[in-house]
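Residue numbers (my numbering), protein chains in the order written: chain H, 1 to 415; chain B, 1 to 415; chain V, 1 to 415; chain Z, 1 to 415.
Take the hints with a grain of salt, since some may be wrong.
No distinction is drawn between identical chains; accordingly, a pair holds when it is met within one copy or between any pair of copies.
Claimed, not checked - Mimicking BS3-like on lysine-lysine, the simulated pairs with C-alpha atoms at most 30 Å apart in a straight line are:
| hint | residue 1 | residue 2 |
| --- | --- | --- |
| 1 | K396 | K59 |
| 2 | K272 | K408 |
| 3 | K327 | K402 |
| 4 | K105 | K28 |
| 5 | K116 | K185 |
| 6 | K327 | K59 |
| 7 | K327 | K305 |
| 8 | K116 | K94 |
| 9 | K49 | K28 |
To be clear, the hints were calculated from the coordinates, so they are not data collected in a lab. This structure is a prediction, so every number in the text was calculated from the model and none was measured.
Listed here are the chains, written in short residue letters.
Protein chains: 4
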Amino acid sequence: MSKIGALFVGLNGGVASTSIIGAISIGKGLTPPYGLYTETLISPVINGKLARLNQQPIKEILNLINFQDVVFGGWDIEERNLYECAIESGIVPKEMVTQLEPELKSIRSFPGIFSKEFIKNLDAKDHAKGHSLYEQAQSLRQNIKDFKHTHNLQTVIVINTASTEVYHETSTTHSSLERFETGLKESDPLIGPAQIYAYAAISENCPYANFTPSLAEEIPALRELAQKTKTPIAGKDGKTGQTLLKTAIAPMFRLKNLHIEGWFSTNILGNKDGLVLDDPGSLKSKIVTKSSVLDSILGYHPYHKVNINYYPPRGDDKEAWDNIDFKGVLGMPMQIKINFLCKDSILAAGNVLDLIRLLEYTKRIGESGVQEQLGFFFKCPTTVQIGSQPIHDFFKQEGILKEWFREKVYGVKYN
Amino acid sequence: MSKIGALFVGLNGGVASTSIIGAISIGKGLTPPYGLYTETLISPVINGKLARLNQQPIKEILNLINFQDVVFGGWDIEERNLYECAIESGIVPKEMVTQLEPELKSIRSFPGIFSKEFIKNLDAKDHAKGHSLYEQAQSLRQNIKDFKHTHNLQTVIVINTASTEVYHETSTTHSSLERFETGLKESDPLIGPAQIYAYAAISENCPYANFTPSLAEEIPALRELAQKTKTPIAGKDGKTGQTLLKTAIAPMFRLKNLHIEGWFSTNILGNKDGLVLDDPGSLKSKIVTKSSVLDSILGYHPYHKVNINYYPPRGDDKEAWDNIDFKGVLGMPMQIKINFLCKDSILAAGNVLDLIRLLEYTKRIGESGVQEQLGFFFKCPTTVQIGSQPIHDFFKQEGILKEWFREKVYGVKYN
Amino acid sequence: MSKIGALFVGLNGGVASTSIIGAISIGKGLTPPYGLYTETLISPVINGKLARLNQQPIKEILNLINFQDVVFGGWDIEERNLYECAIESGIVPKEMVTQLEPELKSIRSFPGIFSKEFIKNLDAKDHAKGHSLYEQAQSLRQNIKDFKHTHNLQTVIVINTASTEVYHETSTTHSSLERFETGLKESDPLIGPAQIYAYAAISENCPYANFTPSLAEEIPALRELAQKTKTPIAGKDGKTGQTLLKTAIAPMFRLKNLHIEGWFSTNILGNKDGLVLDDPGSLKSKIVTKSSVLDSILGYHPYHKVNINYYPPRGDDKEAWDNIDFKGVLGMPMQIKINFLCKDSILAAGNVLDLIRLLEYTKRIGESGVQEQLGFFFKCPTTVQIGSQPIHDFFKQEGILKEWFREKVYGVKYN
Amino acid sequence: MSKIGALFVGLNGGVASTSIIGAISIGKGLTPPYGLYTETLISPVINGKLARLNQQPIKEILNLINFQDVVFGGWDIEERNLYECAIESGIVPKEMVTQLEPELKSIRSFPGIFSKEFIKNLDAKDHAKGHSLYEQAQSLRQNIKDFKHTHNLQTVIVINTASTEVYHETSTTHSSLERFETGLKESDPLIGPAQIYAYAAISENCPYANFTPSLAEEIPALRELAQKTKTPIAGKDGKTGQTLLKTAIAPMFRLKNLHIEGWFSTNILGNKDGLVLDDPGSLKSKIVTKSSVLDSILGYHPYHKVNINYYPPRGDDKEAWDNIDFKGVLGMPMQIKINFLCKDSILAAGNVLDLIRLLEYTKRIGESGVQEQLGFFFKCPTTVQIGSQPIHDFFKQEGILKEWFREKVYGVKYN
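The following block holds chain H by itself, in its conformation from the complex (with noise of 0.2 Å):
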């Protein structure tokens, strides 16, 4: 198998080079693969049946990329090396950052584009003023094109991990690829940086993962495109810490018909994403993704709220408190509390590192489109069927996920 590459938007942020120093680590042998899906074992299919003695790593199964097979890049608003970045975090420890200084030195980001109007929070030092959008976009098919052709890659995956911005809903201008393709001609204030990552990646046919709450791979003309370019996508905000538990455990409650009146989640966090997330609009995007898993889980309304705090003491280590009030028999009243101390960017980094994985298995395999089944990773998964109810139920898109490459792999259905 010949190398491939992947690709960030928003290169230099925690879950960038974290992703990346795990991957590196991972590759080398110097760190066991904790976190990561596509190394959990599975059942196998042999004689036709699910031969439950014989686990098998999913890796193995369906023949996945090792990382020490991957060359990376992106692009970020600020032009700094990665081993600076990873320094400067101080998400991973600092020598397990030295141990990979010439190979973090080594990655460099290419200029990124910037709009203060959907990121109200940050400043960018650099962007590509003047350009229209189109432009713009047409300059970062550049990037992924030289990219490939100085590492000789046979595919490329791109993933946004760059900053939440303003909430958008789709608009016309999102509803057809032309539409879209005009307005990027005419720079339309409704597309935003994360939408034109997305139309340059799919462009290129380069497998898409839209790791945030920001608007990009569910629009229109973005499915269009990806269709045209027989690219799959995915997407969108990676389900990490407090929404990965939620909707593990709320399965429980539905299962035992314990009957969930409210649920309470605050969330405390003091890197960059956190102070990105204390403009409203930003917030709103986040907010709006977190919310809606409940209902389709439960089958029913309780009153659920979502509180996310930019707290600066904590740096990357987010943490969520989360109160569930429900009643069992007789209507009589239990609370759960939760307490989870989580680093967030090592929490996405494993769904970084699977969607890496998975998407190059999809493409390899002749898949296009929104790859539904890719919703296990995702906060807000994006459905093939615009607007119908995706499934939140960590359980139930584990056995679709598991479902469909068995089928790829053996032909069949099982569970």
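Chains B, V and Z: place on chain H using the hints.
Just chains B, V and Z, lined up with the frame of chain H:
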């Protein structure tokens, strides 16, 4: 459908009284059936396919009994009426209990059997002194016959909700029905009350569930008896608060490959259950059933410690605090802490009512012996094969149960 | 000692009704006086020395009133009897309320004044439309006179336990009694209900406590009036749950020199108080009083964030979650998390009953103006000197209060 | 001021090594002196009055030693240099330890004495086999003399930070100096290592602090010796995490008359301290000191349970979880839960450094015998009068300490 009966070992205890109040209240439509799995919706099979949009309650699909068709009774070592017990325990609010005063006052216990050797922290006011264990068993059988006859019942379910007995392992006495019956006649000190009740129930072809950690239906002697009398049996130790949550969350860690380093679980409870568990022998029975669940779900052996503390100020409002230490990408440590303020008997009652319904169903369709598919309701599921490792994963258990009854109803397996 | 009266602004609310039920129950000996500072033991001075082994209740040392000698009344914008309100709120269990049915039914409110501009999330059914604020004030004064006369009362205490008003700063209107009375006559929109009630109470020489964050007794106009009528006044915003605990723990950090980096406080509450605070204007009043406490205790400025969330499933059972990030030797970080499951009105009632007793005492011994020593009971103590920094340290506050009344009783200061 | 020495019993343990690293770092100005009481500001007395606006550090008011003037040493049963121990324990981050490599490598331990009977869960590689306890004591005294001479020290402080010994009560052997010395000569099995170290220290006129729960300075024999040699002594069991917080919060409950029904405390810790406490004998020593604090603060006896659990995944990052059940007005129940994620040795180090400073001061001003005013630093303060009830209230303790040194410095008492 004619009436069925439900007899509780430990009728005056919190679990039995709450289950009965719950059943009557649900039967009369005074309360929604929260906490009951058999009331949840699932997809039926229509034209050979799962009909996802036409979900129906399990209760309807299996044509399960209504609680107004159940007559309640049981044994206890204290002779008191259920109304007083329920008022005194304070588990169910006084006004709910008072609504059912006539029904509850009409339920009286048969005199129970007791052994100080098996439950050290209780003192029985009333037990079968001077009689051999065999005579005790015959007396219990006569109680069942009388109950059945008096109320003209088709089926009687027996559920052990008595206090946890001192830990014992299976011994020669328990190894065959013949040896066990000899032991009964010789009043072998290795035979405890839980076994005698189970023996009586199974002898009378009453479906039997062991809701406690005491040694009972799993011994070879009683399995043999269950086959002989064609009686379904299930156990053991109802899965309610902390363990319920643990077996619902642990699968998420496995699927995300988040490596658990340690899991510390502590419980405080102040009811009679807590008092009994304040004796090291009874505590061991409980700790053994609570401790086994993690390894089988995860496939490895994290540091796992379970504490149970008798804490009188809390009464029946059991509380659990869990701390989970785990590692993600790059081995970075994270923590989750869970605080569960639960009502022990309320959670138990849901399981008990589900078991009454499903045991009646198993008997109706002609099943007998260990009903492994009912492992969903137990901390330490009794398996068909002695010594085989039970499944503890909450979602796998539910899958197995659902698959089982889809097969029974539709003749096909789905998921 | 003849009878005294207690009039509540917001009589039908949870704090007033719980305070009254508490007072009657304690007066009748139906409940121990938990939650009351005035019932705690302290060392009296005997022969000029603190007699540590002869501790006596503060109540006895100060000869404080018994609650059976208090007649209750108040104003409300809803005309309902207190029995119904107490049953409906559910704060006090039904059987406790029912015991006092005749007493509670006999307590009726005077019609209250209301301004939608000051409390946006409530709608009053009944208010003094068409009347100037001055006329409203006169009407309130007449209510007080009538109440005093009807019940033949020596002293009447007025306590504001109404909903939190929209945040306002002191303005010219409030700067002198003359300007304020002009404002009343001109119905100046900067004068809110809380000020009018306070004006009426102080005009009638009724000791007045502001238990809410609304702008009232601290304005220069009302201080002037209090001096003129020789009336003791105290405020503001009763220190109950989260802030009580915060001001009791923060001193430990200071004394151990454990450096606080950040303190995050979130609250969920579902009662009418929560509904009112769901309006940003009222919320600001509350946040301002809650936020000021840390800096003065610590002597530096940590990152401090306070959230208040309206969360209906919880009713009056307010819950707080705090996270404290701090550093010890070598700057090593540690965390404390506190989860307070409190009953807001229960905690408030203890403070209110203490204030009724101590305000009666201050009047009896001839004190007037701002009673700074009562700052112990408030989140944002009103100081004698306008603009001076109040003391927030719980233990310092208690020391000051104790010192004050030892001086009043024994003529000497001790500690 | 000439140099002073500090000798640790258990030099290689986490508390001693962290204290030393802390002292050197503070001495060099590499870290702020967080966690030290002696660095907090208090009001001096100026012209016979407390000067509240001119606060000064306690350190300056008492002219306490600087840590650059302290020479460190001690005993240990393992012969290793402190640098290695500190790196291995991982309590202080590697880069901080490395900064002090030369200083730490130069600190070597004297060979310690050990008794398997007193510490069951450790195995000593090196101890004084074949020698009587008296000979062991003489050898320790010689170590002190050598240390003092080598470094030309005015005063040497000895602090016991060794592992917790098995619980013993005071017996006849401990009842007088004469009997104790006879016991030493006869190697009486009731005399443990902690007592022998204390005997050696006090014999050499070294101020001594017992930072562990082991039986030592409080026995009559050693009190007698301290009087004879005019040596100040203090103990026992450093008040650090859970108990520190407990004794700071409990006073609030007393002052608000919030009645505590129960207090449940659990701890998880994975360091050597935890391993030693996994032996029931050592555990009892700890539980006894931890359990006594509540009753004396509250004046009544709530249900109080303290658990300590050895939990290896956590290392030195001790964690405590507390649940407090209490009642307010009308007996209504409320709960507070506290989760303390602490670094045990970091909190201990602050106390140890304060004690070194304050013990040097007590000796300098001529104090001797039990220094009860230092009870502020201990879980189970040793009192001047044998058997008298110590004060546990954190704020009262601090008041007493402050009063004491204001009297020493200014000749007057204030508060």
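Evaluation of the provided hints:
In this assembly of identical chains, K396 and K59 lie within 30 Å of each other by CA distance both inside one copy and across copies; the values are 20 Å within and 23 Å between. For a Cα distance limit of 30 Å, the shortest separation of K272 from K408 qualifies neither inside one copy, at 40 Å, nor across copies, at 53 Å. Taking the shortest Cα distances, K327 and K402 sit within 30 Å of each other only across copies (24 Å), while inside one copy they are farther apart (33 Å). For the homomeric pair K105 and K28, the shortest alpha-carbon distance inside one copy (17 Å) is at most 30 Å, but the shortest distance between copies (35 Å) is not.
In this assembly of identical chains, K116 and K185 lie within 30 Å of each other by CA distance solely inside one copy; the values are 19 Å within and 51 Å between copies. Proximity of K327 and K59 under a CA criterion of 30 Å is satisfied inter-copy only: 20 Å between copies versus 42 Å inside one chain copy. Taking the shortest alpha-carbon separations for K327 and K305, both the intra-copy value of 18 Å and the inter-copy value of 29 Å come in at or below 30 Å. For the identical chains of this complex, K116 and K94 are neighbours neither inside a copy (32 Å) nor across copies (41 Å), given an alpha-carbon limit of 30 Å.
In this assembly of identical chains, K49 and K28 lie within 30 Å of each other by CA distance neither inside one copy nor across copies; the values are 35 Å within and 48 Å between.
Of the numbered hints stated above, those contradicted by the structure are hints 2, 8 and 9, listed in ascending order.
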